[in-house]
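Trainee: One-letter residues, chain by chain:
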Amino acid sequence: MNECKMILPRSVFGRIRQGILHGGLPAESVVSSRRFSSISELHNWCNKPPVILPNICRVGNSTQKGLLSKWLNRQICFSMSQVHPVSFAHSKQGLHEDLTGIYEEIRSLLRTDIYKLDQMCHYYFDGKGKAIRPLIVFWTSRACNYHNVGRSFVSNEQKKVALISEMIHIGSLIHDDVVDTSDIRRGKSSVNSMCGDRNAVMAGNFVVSNASCLLSTIDDTEVTSIISHIIGDLVRGELMQQDNQGHFEHYLKKTYKKTASLIANCCKAAAHLSNSDAPVIEAMYQFGKNIGIAFQLVDDMLDFVSTAENLGKPSAADLKLGLATAPVLFACEKFPELHSMILRRFQKPGDVEFALNAVHNSDCLNETRILAKQYCDYAVNHLNKIMPSVERESLADLTQHILHRTR
Amino acid sequence: MLIRKFGLFSRRLFVYSGSDAFSVRNHPNEKRNLSSFKNPFKSSNSGLDKVISDAERIVGFPTSFLSLRTLLSDELSGVAMHIRKLVKSNHPLLSIARGVLFDSKDSVQGRGIVVLLLSKAIVENASGIDHIQANEAFNKQRALAELTELIHIAFLVHRGIVNKNTIDESSNGSSSDKYWSEMELGNKMAVLSGDFLLANACAALADLKNLQVVNLMSKAISDMSHGFFILPESGKFSAMASLDDLPDSTEKWEDVMCLAYGSLLSNACRSVTEFVDMGDKYGDVCSNFGKHFTLAHQASFDFQRISKLDHSNNGKINLAPSELCALPVVIAAHDNGGRKWFEQFLKKSEKDGRLILMTEELTSHVRESSSIMEKCRDVGSKHRMLALDCLKELPESEARDSLEKLTCAFSDVG
Numbered sequence: 000m001n002e003c004k005m006i007l008p009r010s011v012f013g014r015i016r017q018g019i020l021h022g023g024l025p026a027e028s029v030v031s032s033r034r035f036s037s038i039s040e041l042h043n044w045c046n047k048p049p050v051i052l053p054n055i056c057r058v059g060n061s062t063q064k065g066l067l068s069k070w071l072n073r074q075i076c077f078s079m080s081q082v083h084p085v086s087f088a089h090s091k092q093g094l095h096e097d098l099t100g101i102y103e104e105i106r107s108l109l110r111t112d113i114y115k116l117d118q119m120c121h122y123y124f125d126g127k128g129k130a131i132r133p134l135i136v137f138w139t140s141r142a143c144n145y146h147n148v149g150r151s152f153v154s155n156e157q158k159k160v161a162l163i164s165e166m167i168h169i170g171s172l173i174h175d176d177v178v179d180t181s182d183i184r185r186g187k188s189s190v191n192s193m194c195g196d197r198n199a200v201m202a203g204n205f206v207v208s209n210a211s212c213l214l215s216t217i218d219d220t221e222v223t224s225i226i227s228h229i230i231g232d233l234v235r236g237e238l239m240q241q242d243n244q245g246h247f248e249h250y251l252k253k254t255y256k257k258t259a260s261l262i263a264n265c266c267k268a269a270a271h272l273s274n275s276d277a278p279v280i281e282a283m284y285q286f287g288k289n290i291g292i293a294f295q296l297v298d299d300m301l302d303f304v305s306t307a308e309n310l311g312k313p314s315a316a317d318l319k320l321g322l323a324t325a326p327v328l329f330a331c332e333k334f335p336e337l338h339s340m341i342l343r344r345f346q347k348p349g350d351v352e353f354a355l356n357a358v359h360n361s362d363c364l365n366e367t368r369i370l371a372k373q374y375c376d377y378a379v380n381h382l383n384k385i386m387p388s389v390e391r392e393s394l395a396d397l398t399q400h401i402l403h404r405t406r
Numbered sequence: 000m001l002i003r004k005f006g007l008f009s010r011r012l013f014v015y016s017g018s019d020a021f022s023v024r025n026h027p028n029e030k031r032n033l034s035s036f037k038n039p040f041k042s043s044n045s046g047l048d049k050v051i052s053d054a055e056r057i058v059g060f061p062t063s064f065l066s067l068r069t070l071l072s073d074e075l076s077g078v079a080m081h082i083r084k085l086v087k088s089n090h091p092l093l094s095i096a097r098g099v100l101f102d103s104k105d106s107v108q109g110r111g112i113v114v115l116l117l118s119k120a121i122v123e124n125a126s127g128i129d130h131i132q133a134n135e136a137f138n139k140q141r142a143l144a145e146l147t148e149l150i151h152i153a154f155l156v157h158r159g160i161v162n163k164n165t166i167d168e169s170s171n172g173s174s175s176d177k178y179w180s181e182m183e184l185g186n187k188m189a190v191l192s193g194d195f196l197l198a199n200a201c202a203a204l205a206d207l208k209n210l211q212v213v214n215l216m217s218k219a220i221s222d223m224s225h226g227f228f229i230l231p232e233s234g235k236f237s238a239m240a241s242l243d244d245l246p247d248s249t250e251k252w253e254d255v256m257c258l259a260y261g262s263l264l265s266n267a268c269r270s271v272t273e274f275v276d277m278g279d280k281y282g283d284v285c286s287n288f289g290k291h292f293t294l295a296h297q298a299s300f301d302f303q304r305i306s307k308l309d310h311s312n313n314g315k316i317n318l319a320p321s322e323l324c325a326l327p328v329v330i331a332a333h334d335n336g337g338r339k340w341f342e343q344f345l346k347k348s349e350k351d352g353r354l355i356l357m358t359e360e361l362t363s364h365v366r367e368s369s370s371i372m373e374k375c376r377d378v379g380s381k382h383r384m385l386a387l388d389c390l391k392e393l394p395e396s397e398a399r400d401s402l403e404k405l406t407c408a409f410s411d412v413g
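Just so you know, the protein sequences line up as chains A and B, in that order.
Note that numbering that gives the first Met the number 0 has the first sequence beginning at 0, numbered continuously upward.
Note that numbering that gives the first Met the number 0 has the second sequence beginning at 0, numbered continuously upward.
Because the hints were derived from the structure by calculation, they are not lab data.
From a predicted model like this one, the values you see are computed outputs, not experimental measurements.
From the three backbone atoms N, C-alpha and C, an ideal C-beta is built for every residue, glycine too.
A portion of the hints provided could be inaccurate.
Said to hold, decoys possible - Distance condition first, Cα-Cα at most 30 Å in a straight line; then the derived BS3-like pairs of lysine-lysine:
(1) Lys307/B - Lys280/B
(2) Lys346/B - Lys347/A
(3) Lys115/A - Lys251/B
(4) Lys177/B - Lys251/B
(5) Lys115/A - Lys218/B
(6) Lys115/A - Lys346/B
(7) Lys251/B - Lys374/B
(8) Lys158/A - Lys339/B
(9) Lys307/B - Lys252/A
(10) Lys177/B - Lys347/B
(11) Lys339/B - Lys49/B
(12) Lys49/B - Lys129/A
(13) Lys115/A - Lys49/B
As the list claims (entries may be wrong) - Simulated DEER-style distance windows between Cβ atoms:
(14) Asp276/A - Asp276/B: 54 to 64 Å
(15) Val148/A - Asp243/B: 46 to 56 Å
(16) Lys381/B - Asp117/A: 44 to 54 Å
Claimed, not checked - Negatives, chain B to chain A, calculated, CB over 10 Å:
(17) Val161
(18) Asp206
(19) Leu385
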């Protein structure tokens, strides 16, 4: 996980040696994936309009990434494809340790004698997921506890919220795969294509109901309400997704319910469990909400730019499902004829191709990223309502990571 | 307004939990043979009707309306619109939806009324509870009855999801793209509407503000997912990948039926006692009552469906576990050397190796053995007696009497 490939210019850290740019890292860990013959060539390259250039840099350290991205005026998107989010905050001691063992714990909660069901449930909890939700809950818990009592720790109850967040997420993924009739998720065949749709739905119910069992062991009825609210939102979001309205308000509302509500309400629950006062709880809720929407916006954008291999699912999958996501809605401004296609869910032959073309021939991907960046900025603003701490900074850094991820 | 939304289904909207095991429907033309079994309450259908209408009088309102509130919300109207497109397809969702919403005035929701009667029996006799507290407890128990029915209907809807590989088989050569997309749409809607009902149940559960009850009901949902994972559905969309997990003894049949059907009622019954802090005193009794009540009913249901010659069921979908899991069949398999015995009634699909059950051969074979049918009846009466014994532990009341009558009516092994 220490692998860091960076291109760093002289003015930031390093020097040019044999055309390879070195950073302020141990020399052996620095490998450029692109050679520049001179600094001016690098400058030229950097001054190009913002583009997404996957696999150019792999960055393992948030401070370096932050400095680098400042210097480059945020014109390059960094590929983090090989970097697990855990290693993202590697320099910040102990932060990633919260995540170790959580999948084992979830698997033990889901243990059953029925071999097939056991297999199906464990299939998704193999520890290869991004675990971004538990990570946010852990950091939020620590940041709030630090804010309240001056000590960074995760309480038992807060840890349960982290587990619940991942379990609800996976449960909803399993059901989404049946709804979207998708056979591939995270690069492997999804549960429903293995064991049949009906049993996949049962497995999803099994995972979520066990999350609910775990929830009932948190001795706080307020948390029960907060979390059970998520489940309602997820379903309503999915129902909203079934009819395209072709305007942003509907899209953002859907995005909140389907993606952001889970993160937002888990942050809220974590903040509530650290005995925070109302403004802090609200701030953490808002942080989760904004980062969640940003997350989905980037996801929708990546659906157009990433290859199937990189994303773990077929690209332009949303379009093929008839979903109108942010890039398409932005492209609508330049290509008004898209509007009727959105309403008919790209059902007619040629619709998908037209939309793909429209997206790639307009500035809509960049506009989506700018919108996502705005949400990230809102998220960071809300973080400023709590006392500075390592975890708070990590959460702020995470917004940048989410913005620049490529998978 | 509401009527327009669900205009597809009927003019009168009634909640009816499908023709599965637990609901009771009045078949005016169907006469059951009662002579062979001594039943203290002569449960002809009109008798059952009377038991239920008495019970509804005791709890104070017709339970058929229990979960209507959720079913008629705005969000589901979108789903109803999509379901419209399925009218001509044979996706089971439509029949289930029709079953849930149709104006079958003789339908009743068994679980809801049991929960309400039980709470009446306990709350009225709870010591140290004043009128206001009793009223509050009863309101919560009414919500509990409602969400119990919601969970049940949600699972009915989810169980109607058709596996892709069975679609092919049952399309009888008309496997056109349209057929496929209709089935896909049907599955989609089944997942979404089932999830929607479950989410509403979750919200209602959280509103009860009782962690113990949240725990019990979550356990019930978990058990049901478990149980229906094991139990394949009967009918043409049945998908049986392997026989390994199917019950092959009465004990295993009891276990899996407890998961799939018993857990919901049993945990709901235990929850009833939690609201009035009587969990220590009556928790186990109520939970056991729910369990034995369900098993007695399930045994009676299995007895009847195997002994019945006509399986057409008036063209209505009969959402029930595969006949392979019916109690008489399980007993027969056990007596004949286990699961291997099943194999003579299964043929392998040439296309994809899926196992297809020859239902008629199986049921007629089992039906002919009077000793097997007798054993099945014994299991049913054993659980009926156990359920009635549990009731005797409760303080005497009108509600308790009504529960006794309900138990007998529901577990009629005619």
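Trainee: Against each hint, give a clear statement of whether it holds in the structure.
Mentor: Outcome of the hint check:
no.	hint	verdict
1	Lys307/B - Lys280/B	violated (42 Å)
2	Lys346/B - Lys347/A	violated (42 Å)
3	Lys115/A - Lys251/B	holds (18 Å)
4	Lys177/B - Lys251/B	violated (41 Å)
5	Lys115/A - Lys218/B	holds (20 Å)
6	Lys115/A - Lys346/B	holds (23 Å)
7	Lys251/B - Lys374/B	holds (15 Å)
8	Lys158/A - Lys339/B	violated (47 Å)
9	Lys307/B - Lys252/A	violated (53 Å)
10	Lys177/B - Lys347/B	holds (27 Å)
11	Lys339/B - Lys49/B	violated (45 Å)
12	Lys49/B - Lys129/A	violated (58 Å)
13	Lys115/A - Lys49/B	violated (45 Å)
14	Asp276/A - Asp276/B: 54 to 64 Å	violated (33 Å)
15	Val148/A - Asp243/B: 46 to 56 Å	holds (53 Å)
16	Lys381/B - Asp117/A: 44 to 54 Å	violated (32 Å)
17	Val161	violated (7 Å)
18	Asp206	violated (7 Å)
19	Leu385	holds (25 Å)
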